[in-house]
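S.K.: Here the protein sequences line up with chains A and B, keeping their order. Residue numbering for the first sequence follows the numbering used here, beginning at 1 and increasing consecutively. Residue numbering for the second sequence follows the numbering used here, beginning at 127 and increasing consecutively.
Careful, some of the hints might be misleading.
List time: in silico EDC-like cross-link candidates among lysine to aspartate or glutamate, alpha-carbon distance up to 16 Å [said to hold, decoys possible]: (1) A/K87 - B/D180; (2) A/K87 - A/D46; (3) A/K87 - B/E455.
To be clear, the hints were calculated from the coordinates, so they are not data collected in a lab.
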Amino acid sequence: MSRRETPELRLRLADAPAPGERRMVELGGHRIGLYRVGEDLHALADRCPHRGAPLCSSGRIATGIELRDGRPVLAEPDTLLRCPWHKWDFDIASGRCVVDPRLRVRRYAVRIDGDEVVVSLRHPAR
Amino acid sequence: MLVDCDIHVGYETVLDLAPYLDPATRELVVNCGTNGLGMPSYPWYHPTGWLRNDAFDRASAAVGAQLVGQTLDRVRANVLDPLGLAHGILTPDEAAAFSILPNGLLAAHLARAYNDWLLEQWLEPEPRLRGLIVVPAQHPEAAAAEIRRVGERDEFAGVFLPGAARIPYGSPVHDPIWRACDDLGLPVVVHTHFEGVGIAGPVTAAGYPDHYGEYHALCGSGMHGHFASILCHGILERYPRTGLMMMEGGLVGFVGLTWRLDTVWRACRPEMPYCVRPPSEYVFERVRFTTQPLEEPPDDALLAAALEGLHPWDTLCFSSDYPHWDYDEPRQTLNRLPAAWRDGVSHRNAERFFGLPAAIPA
Numbered sequence: 001m002s003r004r005e006t007p008e009l010r011l012r013l014a015d016a017p018a019p020g021e022r023r024m025v026e027l028g029g030h031r032i033g034l035y036r037v038g039e040d041l042h043a044l045a046d047r048c049p050h051r052g053a054p055l056c057s058s059g060r061i062a063t064g065i066e067l068r069d070g071r072p073v074l075a076e077p078d079t080l081l082r083c084p085w086h087k088w089d090f091d092i093a094s095g096r097c098v099v100d101p102r103l104r105v106r107r108y109a110v111r112i113d114g115d116e117v118v119v120s121l122r123h124p125a126r
Numbered sequence: 127m128l129v130d131c132d133i134h135v136g137y138e139t140v141l142d143l144a145p146y147l148d149p150a151t152r153e154l155v156v157n158c159g160t161n162g163l164g165m166p167s168y169p170w171y172h173p174t175g176w177l178r179n180d181a182f183d184r185a186s187a188a189v190g191a192q193l194v195g196q197t198l199d200r201v202r203a204n205v206l207d208p209l210g211l212a213h214g215i216l217t218p219d220e221a222a223a224f225s226i227l228p229n230g231l232l233a234a235h236l237a238r239a240y241n242d243w244l245l246e247q248w249l250e251p252e253p254r255l256r257g258l259i260v261v262p263a264q265h266p267e268a269a270a271a272e273i274r275r276v277g278e279r280d281e282f283a284g285v286f287l288p289g290a291a292r293i294p295y296g297s298p299v300h301d302p303i304w305r306a307c308d309d310l311g312l313p314v315v316v317h318t319h320f321e322g323v324g325i326a327g328p329v330t331a332a333g334y335p336d337h338y339g340e341y342h343a344l345c346g347s348g349m350h351g352h353f354a355s356i357l358c359h360g361i362l363e364r365y366p367r368t369g370l371m372m373m374e375g376g377l378v379g380f381v382g383l384t385w386r387l388d389t390v391w392r393a394c395r396p397e398m399p400y401c402v403r404p405p406s407e408y409v410f411e412r413v414r415f416t417t418q419p420l421e422e423p424p425d426d427a428l429l430a431a432a433l434e435g436l437h438p439w440d441t442l443c444f445s446s447d448y449p450h451w452d453y454d455e456p457r458q459t460l461n462r463l464p465a466a467w468r469d470g471v472s473h474r475n476a477e478r479f480f481g482l483p484a485a486i487p488a
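The shape of chain A in the complex, shown without the other chains:
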């Protein structure tokens, strides 16, 4: 039996989201949110691991507030994804929930191939 190929989706690099933007795609029946943090693209499942909310399609990109030198300041902008229901924040790059480290959003591999972005149902390399 031949090994089944992992489904992939290709879109033009020019159509990839800019930082602070989101693009929803569908691949093999999975709804996926595509995001950019800095130069890197990230693909996250449209399902909150807390209570199953539509995390990407209805959630909001957010900027955290952190303590620096004992004072609350804005963190790196647009690095968080905020759940539409219970408002828990997830780090877009790692998928980790920032208020409950036991939780992590399902992530998908994203790579650049020439002038295309390729999203697959594989887990990302790291």
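We have chain A; now place chain B onto it with these hints.
M.R.: Below, chain B alone, put in the same frame as chain A:
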């Protein structure tokens, strides 16, 4: 089969009630202040939003609107149809604040208009929905009159009282409300709302919390006050045809409170002669609790044991709190509870409490 006991609906602004108001109150509501009457509201704001993001259109939100974009079509599309609800109980949003207005007569007119609005806009067009009668709790005689005015309509399943109050609901001051409910066989739902706002007492005796998060975790304390008051005054003994539902005040806290009330009842019976049995007996027979927000212990295995003191198989009823930010999805809620409780929690307990037609399996 599912009954959702807590679906919030409301107008965008109180001015939407103008067509349902008597002319004199309409004149007042439309012309007072700068742009008409505003309602007292929380001094704390949820830092990331009151509502589920997917429950409203942010761009269409009117300035000052509390519960935006909440239409019957949206409730059908987001709740009734996808969850396959047999019935949904509609709870007020901003209209819960009528009871904390200083002016009880104004509150009575607003409550009457709201109930007529609810009937016309929501309950008459959608047979799966039932309403709770909003009353001016600070004016018990007027509240009783409103209960008697609309309480025989099948569309209303009970009477709504907010957790925020000037005087606990077991006090004899409120007897007209209980008498009207008893006469009509209607239960009372006490739902956490607006504690520490308007003419209501503070959230706790410690003084005002600084943060919305504190308020949200503490708002059950007001519910505890009503619970103890109603039980110790023997309300459920004196008014045997009514019942009590505690909505959105947490669950685990009521376990310890019920135990403490049984203990003090044994020692203090002479001062509470109308409470003729241990308070827990009334709780198991006549008090119901809604699930949301279901407490989240670090290990879900702790939850069932923590709740058993409430006899949840008989007393617990599912609620989602749609469209608020702390919405509980029904499958998630039911899967966190023992399988033996699910039939009661999902529909049976609520059907019995509200006198709803029993759901028929598909």
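S.K.: Against this structure, judge whether each hint is valid.
M.R.: So, going through the hints one by one against the coordinates:
Taking the CA atoms of A/K87 and B/D180, the gap is about 12 Å. The hint holds against a cut of 16 Å. With a CA separation close to 15 Å, the supplied pair A/K87 and A/D46 stays within the 16 Å bound. Annotation: proposed proximity of A/K87 to B/E455 holds, straight-line Cα distance about 14 Å (limit 16 Å).
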